[in-house]
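Chains as they are written, first to last, in our numbering: chain A, 49 to 401; chain B, 49 to 401.
Hints in this document: simulated from the structure, not taken from any laboratory.
A few of these clues could be false.
Said to hold, decoys possible - Derived DSBU-like pairs: lysine-lysine, alpha-carbon spacing no greater than 30 Å straight-line:
1) K254(B) / K156(A)
2) K160(A) / K254(B)
3) K159(B) / K255(A)
4) K159(B) / K273(A)
5) K160(A) / K136(B)
6) K277(A) / K160(B)
7) K91(B) / K353(A)
8) K260(B) / K141(A)
9) K91(B) / K346(A)
10) K255(A) / K160(B)
11) K91(A) / K51(B)
Said to hold, decoys possible - The calculated label-pair distances, taken between Cβ atoms and stated as ranges, are:
12) N174(A) / D228(B): 50 to 56 Å
13) D357(A) / T163(B): 57 to 63 Å
14) E99(B) / K109(A): 43 to 49 Å
15) E330(B) / K273(A): 32 to 38 Å
16) D264(A) / G303(B): 45 to 51 Å
Said to hold, decoys possible - Here are a few chain A residues that face chain B, going by a calculated C-beta distance under 8 Å:
17) L61
18) K156
19) G247
20) S279
21) P284
22) F287
23) P288
24) L348
From the three backbone atoms N, C-alpha and C, an ideal C-beta is built for every residue, glycine too.
The primary structure of each chain is shown beneath.
Protein chains: 2
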Amino acid sequence: MKKHNFSAGPCILPQEVFQKSADAILDFNGIGLSLLEISHRSKDFVAVMDEARAIVKRLMKIGDDYEVLFLGGGASLQFCMVPFNLMKAEGGKAAYLDTGVWAAGAIKEGKKFGTVDIVGSSKEDNYSFIPKDYKVGAEYDYFHCTSNNTIYGTEMHKFPEVDTVMVCDMSSDIFSNARDYSKFDLMYAGAQKNMGPAGVTLVVVKKEILGKTGRDIPTILDYEKHIGKESMLNTPPVFPIYATLLTLQHLENNGGIEAAEQRNIQKAKLIYDEIDNNPLFEGFAKKEDRSFMNVSFKLLDESKKDEFDAAWKAAGISGLNGHRSLGGYRASMYNALPLESVQVLVDVMKSIK
Amino acid sequence: MKKHNFSAGPCILPQEVFQKSADAILDFNGIGLSLLEISHRSKDFVAVMDEARAIVKRLMKIGDDYEVLFLGGGASLQFCMVPFNLMKAEGGKAAYLDTGVWAAGAIKEGKKFGTVDIVGSSKEDNYSFIPKDYKVGAEYDYFHCTSNNTIYGTEMHKFPEVDTVMVCDMSSDIFSNARDYSKFDLMYAGAQKNMGPAGVTLVVVKKEILGKTGRDIPTILDYEKHIGKESMLNTPPVFPIYATLLTLQHLENNGGIEAAEQRNIQKAKLIYDEIDNNPLFEGFAKKEDRSFMNVSFKLLDESKKDEFDAAWKAAGISGLNGHRSLGGYRASMYNALPLESVQVLVDVMKSIK
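The whole structure should be built from the sequences, with the hints applied where relevant.
Structure (structure tokens):
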């Protein structure tokens, strides 16, 4: 039976990425060796790293004032790397937007380095919307926000104008919509949503914002040190980077971010229309802040729960349970999820009477 | 033609690891989904993580006073995690042994956190031996050493008795010899030598040594936080951990560390005997400190270089060039390198007249 993988991440990737990356493990580029056993400094892998760094800039339409890094440690490591690299050692102060558990995680780490002002928060409403109408002045070393909140299914469709360095955790919606990426000074994202398998984190940073804090940064946490070694300061996560390159090549070969955005709009319309029109279901997030990636919703009639759960499982759907902190359901619809899978889910939703 | 991969890391792994990990990318455990697209919290992957943590303890013959973590970021991240977690915030002081470029890298990071005393160094002799006859008293928060030095081909065959916490970077010889692992309080190792592909770092730590520094440690750098979440504080590097488990299962199914050590002794004897008996070659490291993993040597008659290089390449050998900082040749013979490959190299060495 065909599988429909709505997992929140790690999540579905293009099928050709699975095939090509499995092939590379058996024989990489026809060299008679596995991708897993070659040196990261071999010409075959250096070419992978170079192309992975280049394709990110092409897809985002950003210039040479940006540097692209592929690092280990997860996006959570960026929660401390950002203040290490951007918050001044003396009198450091940053503005954060609190839109969910992960944003709050970034805030917690920021506070270990200096003053953190939370310029907006929807915590009291269980993060069901994106706060707006705040100002961020030049007195801050940077502003940090989270573009998409997987648990709640909210997404920033507009970004504020700020008078300081703009930092964004784009872990769960990077490469899914054609926002103006050149608006940001530092973007980071764990790979395991739209970009690749778990184990690598993308960092895109404007060089000009670095080196200004007066901190003695541990070498491995210093963006400038990674940039100086072209993202090979130490042995990089070879396989996750290769699978990420394959995923980004698939995106580029299928119309780039603009085309992906159109497909994502279509998928989102299909399921949100069903949620809004079917009296059995209710969306969680405020409509204007609804995410195109993660759709959190609940079944209003609990007596139908067993029937609904059995029906979607029977249809080949997996990964639909909501995050443990919110309950209900969550349909994660990253770039690689086909419209067909959303249609299957919507058909199941329609079938419950 | 059969390949003989002497790469210094990432390096050769058992052939069945390549086959099984490629299979898992196409269909993991027969569930109809790729290993790359399932949640790290799915029961299938939690079972991988649990078994990976358990097998490390079985192989090392260590008890439940140890915790096993699989982290991202590389062994270089441990250079700062170690002092963050072990060096006291006030008056912190640690002892380090300087046996090579990587040991020096750890020292550099340690100095950012407190006082570092270098209790022994072979730097002035280009790291050709392991310093001995030093004492490490209880006034130090910990002692840090590097068990094997890939570039120079030196290895610690004996470890000092110290009156403090014993920390060892075992990146390039872990699981290769039956040392008493219970002698150490904290061991760490990047996977990409004897353990698995690049992208994951093993940390084995005694819980009792943690939580004593008075530092406000960034969450993601805090061993106790990782332990509290059973190595799932954030999304772990799923594929590298799975391939690591396969490699360790292969080791366990082939007699464990003791049997691997016997095979490694055989391989080392074969090549060192040739180096010592063949007047064309000379080993780099002091004999008593020779590594069983990395054999650094030079060709004494430069006029034979083209002939030798052509001969080993024609024999299917790769990865034999020495590290750029030392020149010459380096034969890396990790667990997965068969004796047959060493024999092929020795035959080539004998063929040069």
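Structure-based check of all given hints:
A threshold of 30 Å between alpha carbons decides the hint, and for K254(B) with K156(A) the separation of about 27 Å falls inside it, so the pair holds. Distance restraint check for K160(A) and K254(B): the Cα-Cα separation of roughly 26 Å lies within the 30 Å cut-off, and the hinted pair is therefore satisfied. The hinted pair formed by K159(B) and K255(A) meets the criterion: a straight-line CA distance of about 26 Å does not exceed 30 Å. Of the pairs offered as hints, the one joining K159(B) and K273(A) holds, with about 17 Å between alpha carbons and a cut-off of 30 Å not exceeded.
At most 30 Å may separate the alpha-carbon atoms for a hinted pair to count; K160(A) and K136(B) meet this at roughly 17 Å. Restraint check for K277(A) and K160(B): satisfied, since their Cα atoms lie roughly 21 Å apart, inside the 30 Å limit. Between K91(B) and K353(A) the CA atoms are separated by roughly 22 Å; this keeps the pair inside 30 Å, and the hint holds. The suggested pairing of K260(B) with K141(A) holds, with an alpha-carbon distance near 29 Å, which does not exceed 30 Å.
For the hint linking K91(B) to K346(A), the alpha-carbon distance of about 24 Å falls within 30 Å, and the restraint holds. Our distance criterion of 30 Å between C-alpha atoms is met by K255(A) and K160(B), whose separation comes to about 24 Å. At roughly 18 Å between alpha-carbon atoms, K91(A) and K51(B) fall within 30 Å of each other, so this suggested pair holds. Checked against the hint of 50 to 56 Å, the C-beta distance between N174(A) and D228(B) comes to roughly 53 Å, which is consistent with it.
Look at D357(A) against T163(B): about 60 Å separates their beta carbons, and that is inside 57 to 63 Å. For E99(B) and K109(A), the hinted distance range of 43 to 49 Å is satisfied, since their beta carbons lie about 45 Å from each other. Separation of E330(B) from K273(A) is about 36 Å and conforms to the stated range, judged on CB atoms against 32 to 38 Å. The beta-carbon spacing between D264(A) and G303(B), approximately 47 Å, falls within the hinted interval of 45 to 51 Å.
A cut of 8 Å between beta carbons decides the hint on L61(A): the least distance to chain B is about 6 Å, and the hint holds. Because the closest C-beta pair between K156(A) and chain B is about 7 Å apart, less than 8 Å, the hint holds. Checking G247(A) against chain B: minimum C-beta separation of about 3 Å stays under 8 Å; hint holds. The interface hint given for S279(A) is broken, as the beta carbon of that residue sits about 12 Å from the closest beta carbon of chain B, more than 8 Å.
Hint on P284(A) holds. Least Cβ distance to chain B is approximately 7 Å, under the 8 Å limit. Because the beta carbon of F287(A) sits about 6 Å from the nearest beta carbon in chain B, less than 8 Å, this interface hint is met. Checking P288(A) against chain B by beta carbon gives a least distance of about 6 Å; that is within 8 Å, so the hint holds. A hinted interface residue such as L348(A) counts as satisfied when its beta carbon comes closer than 8 Å to some beta carbon of chain B; here the least separation is about 26 Å, so the hint is violated.
In summary, the numbered hints that this structure violates are 20 and 24.
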